[in-house]
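There are 2 protein chains.
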Amino acid sequence: MPKETQEGITVKKEDNFSEWYQQIIQKAELADIRFGIQGFIVHRPWSFKIARKIYEYFEEEVEKDNHEPFLFPIAVKEKHLTKEKEHAGFTPEVFWVTEAGSETIEERFALRPTGEAQIYPMYSLWIRSHKDLPYKGYQSRITVFRNEKVTRPFLRGREFMFFETHDVFSAHEEAVEQIKKDLEMAKKIMTNKLKIPFLFFKRPQWDKFLGADNTYTPDTLMPDGKRNQLASTHDLGTNFSKAYNIKFVDKDEKEKYAFQTCFGPGIWRQLAALIAIHGDDKGLILPFEIAPIQIIIIPIMSAKNEKESKKISEYCEKIKKLLSGYKVQIDLSESSPGFKYNHWELKGVPLRIEIGPKELKSKKITVKRRTDRQGKTVTFKSLKNEIKKQAEEINMQIEKSAEKYFKNKIRSASSLNEIKKIILAYRGFIRSPFCSVDSDGKECADILKEKTGGAVVCGTLFPNAEKPKQNDNCIVCRKKAKEIVYIAKSY
Amino acid sequence: MPKETQEGITVKKEDNFSEWYQQIIQKAELADIRFGIQGFIVHRPWSFKIARKIYEYFEEEVEKDNHEPFLFPIAVKEKHLTKEKEHAGFTPEVFWVTEAGSETIEERFALRPTGEAQIYPMYSLWIRSHKDLPYKGYQSRITVFRNEKVTRPFLRGREFMFFETHDVFSAHEEAVEQIKKDLEMAKKIMTNKLKIPFLFFKRPQWDKFLGADNTYTPDTLMPDGKRNQLASTHDLGTNFSKAYNIKFVDKDEKEKYAFQTCFGPGIWRQLAALIAIHGDDKGLILPFEIAPIQIIIIPIMSAKNEKESKKISEYCEKIKKLLSGYKVQIDLSESSPGFKYNHWELKGVPLRIEIGPKELKSKKITVKRRTDRQGKTVTFKSLKNEIKKQAEEINMQIEKSAEKYFKNKIRSASSLNEIKKIILAYRGFIRSPFCSVDSDGKECADILKEKTGGAVVCGTLFPNAEKPKQNDNCIVCRKKAKEIVYIAKSY
Numbered sequence: 006m007p008k009e010t011q012e013g014i015t016v017k018k019e020d021n022f023s024e025w026y027q028q029i030i031q032k033a034e035l036a037d038i039r040f041g042i043q044g045f046i047v048h049r050p051w052s053f054k055i056a057r058k059i060y061e062y063f064e065e066e067v068e069k070d071n072h073e074p075f076l077f078p079i080a081v082k083e084k085h086l087t088k089e090k091e092h093a094g095f096t097p098e099v100f101w102v103t104e105a106g107s108e109t110i111e112e113r114f115a116l117r118p119t120g121e122a123q124i125y126p127m128y129s130l131w132i133r134s135h136k137d138l139p140y141k142g143y144q145s146r147i148t149v150f151r152n153e154k155v156t157r158p159f160l161r162g163r164e165f166m167f168f169e170t171h172d173v174f175s176a177h178e179e180a181v182e183q184i185k186k187d188l189e190m191a192k193k194i195m196t197n198k199l200k201i202p203f204l205f206f207k208r209p210q211w212d213k214f215l216g217a218d219n220t221y222t223p224d225t226l227m228p229d230g231k232r233n234q235l236a237s238t239h240d241l242g243t244n245f246s247k248a249y250n251i252k253f254v255d256k257d258e259k260e261k262y263a264f265q266t267c268f269g270p271g272i273w274r275q276l277a278a279l280i281a282i283h284g285d286d287k288g289l290i291l292p293f294e295i296a297p298i299q300i301i302i303i304p305i306m307s308a309k310n311e312k313e314s315k316k317i318s319e320y321c322e323k324i325k326k327l328l329s330g331y332k333v334q335i336d337l338s339e340s341s342p343g344f345k346y347n348h349w350e351l352k353g354v355p356l357r358i359e360i361g362p363k364e365l366k367s368k369k370i371t372v373k374r375r376t377d378r379q380g381k382t383v384t385f386k387s388l389k390n391e392i393k394k395q396a397e398e399i400n401m402q403i404e405k406s407a408e409k410y411f412k413n414k415i416r417s418a419s420s421l422n423e424i425k426k427i428i429l430a431y432r433g434f435i436r437s438p439f440c441s442v443d444s445d446g447k448e449c450a451d452i453l454k455e456k457t458g459g460a461v462v463c464g465t466l467f468p469n470a471e472k473p474k475q476n477d478n479c480i481v482c483r484k485k486a487k488e489i490v491y492i493a494k495s496y
Numbered sequence: 006m007p008k009e010t011q012e013g014i015t016v017k018k019e020d021n022f023s024e025w026y027q028q029i030i031q032k033a034e035l036a037d038i039r040f041g042i043q044g045f046i047v048h049r050p051w052s053f054k055i056a057r058k059i060y061e062y063f064e065e066e067v068e069k070d071n072h073e074p075f076l077f078p079i080a081v082k083e084k085h086l087t088k089e090k091e092h093a094g095f096t097p098e099v100f101w102v103t104e105a106g107s108e109t110i111e112e113r114f115a116l117r118p119t120g121e122a123q124i125y126p127m128y129s130l131w132i133r134s135h136k137d138l139p140y141k142g143y144q145s146r147i148t149v150f151r152n153e154k155v156t157r158p159f160l161r162g163r164e165f166m167f168f169e170t171h172d173v174f175s176a177h178e179e180a181v182e183q184i185k186k187d188l189e190m191a192k193k194i195m196t197n198k199l200k201i202p203f204l205f206f207k208r209p210q211w212d213k214f215l216g217a218d219n220t221y222t223p224d225t226l227m228p229d230g231k232r233n234q235l236a237s238t239h240d241l242g243t244n245f246s247k248a249y250n251i252k253f254v255d256k257d258e259k260e261k262y263a264f265q266t267c268f269g270p271g272i273w274r275q276l277a278a279l280i281a282i283h284g285d286d287k288g289l290i291l292p293f294e295i296a297p298i299q300i301i302i303i304p305i306m307s308a309k310n311e312k313e314s315k316k317i318s319e320y321c322e323k324i325k326k327l328l329s330g331y332k333v334q335i336d337l338s339e340s341s342p343g344f345k346y347n348h349w350e351l352k353g354v355p356l357r358i359e360i361g362p363k364e365l366k367s368k369k370i371t372v373k374r375r376t377d378r379q380g381k382t383v384t385f386k387s388l389k390n391e392i393k394k395q396a397e398e399i400n401m402q403i404e405k406s407a408e409k410y411f412k413n414k415i416r417s418a419s420s421l422n423e424i425k426k427i428i429l430a431y432r433g434f435i436r437s438p439f440c441s442v443d444s445d446g447k448e449c450a451d452i453l454k455e456k457t458g459g460a461v462v463c464g465t466l467f468p469n470a471e472k473p474k475q476n477d478n479c480i481v482c483r484k485k486a487k488e489i490v491y492i493a494k495s496y
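Here the protein sequences line up with chains A and B, keeping their order.
Just remember that the numbering used here sits 5 ahead of the position in the first sequence, which is counted from 1.
Just remember that the numbering used here sits 5 ahead of the position in the second sequence, which is counted from 1.
Honestly, the hints are just simulated from the structure, not real lab data.
Some hints could be false.
No distinction is drawn between identical chains; accordingly, a pair holds when it is met within one copy or between any pair of copies.
As the list claims (entries may be wrong) - Straight-line alpha carbon distances no greater than 25 Å define the calculated SDA-like cross-link-like pairs of lysine to any residue that follow:
1. Lys54 to Ile428
2. Lys54 to Ile147
3. Lys141 to Glu34
4. Lys309 to Ala176
5. Lys141 to Lys332
6. Lys287 to Gln210
Nothing here was measured: the structure is a model prediction, and the numbers come from that model.
This is chain A alone, in the form it adopts within the complex:
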């Protein structure tokens, strides 16, 4: 079989999302899962560059919001990991370093499952006075480690990409303000740059980050209708400051425990959403700014006509130079033009320019979009301007398509039976009346989960929760509903 025909994705996304996802990860050269240790994957250049761009967006935003970057070790001391009682819940899933060379080390240490237990003992040394507050720190481009049973590239790993802010305040109102800012930052990047649709939730009390008072998350839906949590920000109250002794002398000269928040955009999760929501049966589709290569130029040359080939090649270089503000590449490899088209469509390059004898003669250039394979033919002189227009067009197409996709996945139900049916047929978000999102609602949530094969209460919309109608009853216990919640099966 010629290499050409082996390259493409062999299933339709709609028919078999799971297989489609597995194939695109491999064929678009995103990750290599042949590393040989389960849940530890190789980020190949194409996915790494996309992830790096997402990292850069978040770095820029949090630094504008006065966060200082730092870098903590990969290690956590055992006694720090278990200091906050609920947070100690991470212990069953941490990896332990116990040996060095051929010897057992004196005090084993864990690979961080998240940063709190390593960062807060230092905050306790750094923060002394109200003058030191607010203190806003973050670390980016790190990985964390959790011994997950089932792993899947960019969705669940034993090692995965991480980004975390850790903020300390003298008053709870400031912490609440920060949570809103965190969500605004996430929204700005995910909506404007990544074109990923989502809903903001306040998680129910029984489904918070270990140790938090409240957890807030933007969640999207994958093509198989399962929820993908894209980020999370947590109101830690004084739970951790009490456990790790983070105190400050306030203006009134009294020593007080600090209020804390932490925010973690899920770099992997956003990458997974980007791949899965925008991609089609031909491969990735990338928003213009995110694409590692924005414009691919494909020369169509005949080996027989060397003189003409040289001219085509020069013309391609001239175009590349004209577009030097963009990420442009000329594909000079030995493959056939058809192979190249498929290859760069698979990789999701937003715009394609083909230059052959015809284009050389007519002095016209055709720019084709990855999204709908349509485009426009323009003169060399107006090309730069046209690229700008086409970039906007492609972004708009991606955004519209994603919005439509997302809306189609949100349904309402007012009984458990309805929910079961929707889950069997579509999954997605199901908007339903529910008795309570405080701890007294947990029993109903457990029943829901059991009866639906795993659907969970995602939470109430945030910051503006919807109110149930007068006669709305909880879909489980049929008591009067205090909340409108969203229900979904989850990754």
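Dock chain B against the given chain A, drawing on the hints supplied.
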């Protein structure tokens, strides 16, 4: 004791470098060694930002040289670690992950001590044909792990900052060319940006990277006269391609083992050199481009005169806005101006502007350099232009001072006794005739080390080795010298 007087460094760099280094690490808030696991340090924002800048310089250079970024897991499989016989020498210093939660994991894995053993098994899958070559990949902003006995911030750690390129070629000449390019990149950054003086060496055969055919390094000297290796690039020949099975089908359709190189700028080591070589008894001195804050504006306000204070504050903002292309900060904290001067001198901020009632009245602004505490008084209108001049001036001063420092540390000796005396009095590089840098010179190197309390042969200058004179004899065996080598005690 008021906080002000506690802040400064209490020893002179010349009198006690070791103590000076320890104090500057802590007092300039570079690293926190109180993390509680030996050799694992916290990079505080000030050092992190400097390191990030160094990383960015290298990322830019290697990408210009067509290296693609990727990210490998932190883990290495045991069987991969020991595949290349000499490289397996890393095994005694690796950390092992053996447990997850409360269970022993099926197959323990190591934390990477360097990337070869994780990257080359994948290269063996990715590289098939001469069309895939050269393949140039790199990973940046990662850390690696070695169980070192003695640790010291930025010089030797159990976890330390890492950057590595891994290149694959079809011919050895291309590998040799790459090594020269690697050294040129290192030179460009270390000379132009970091102002760190160094010599390029080809290491003797007995002191190569484990598994390499040849190792090349730029080495500098620390104020205590000890050698600090700033980077290294290695000609791996086909040693690793044979061990990891990296083969390609060449144009002649024969399958061949690939030639490899790898290059690792020592981010920590460069940071250590930057701190130690440029710093003085008042604190850090940073080249202008490297400084996390380039210009600090210090308002001198009286609490009694609110109206004037407001005007001063506004004037500072106006200056900050004028200098918006630079990294500028106004220090509005409650400390005294004297405290602020000391604080920002400790941190090495290149330029300082003080704005008080006098400056407000005269409409003149004084720009002071960190290096020699001299400066210039200019009008608001000419300030921007003056900053540019002062930035150049400060860089020139740092460069000149470092060059003078370095030259003073290079001496010549033609006998073992002379070497002993120099090492007792000054250390530094000692230029000497030596019998051989091939494996037959190892015996003399061992004697040298023993008789001098640890001095080693750094190597011969590269690319242009010096030739010994007709009657030069090896400083150890007194046989005719084949080489001029440099000798030093090392970190």
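Hint-by-hint comparison with the structure:
no. : hint             : verdict
1   : Lys54 to Ile428  : neither (36 Å within a copy, 49 Å between copies)
2   : Lys54 to Ile147  : both (15 Å within a copy, 15 Å between copies)
3   : Lys141 to Glu34  : between (37 Å within a copy, 16 Å between copies)
4   : Lys309 to Ala176 : neither (76 Å within a copy, 30 Å between copies)
5   : Lys141 to Lys332 : between (34 Å within a copy, 19 Å between copies)
6   : Lys287 to Gln210 : neither (42 Å within a copy, 53 Å between copies)
Hint compliance for this structure: hints 1, 4, 6 are broken, all remaining hints hold.
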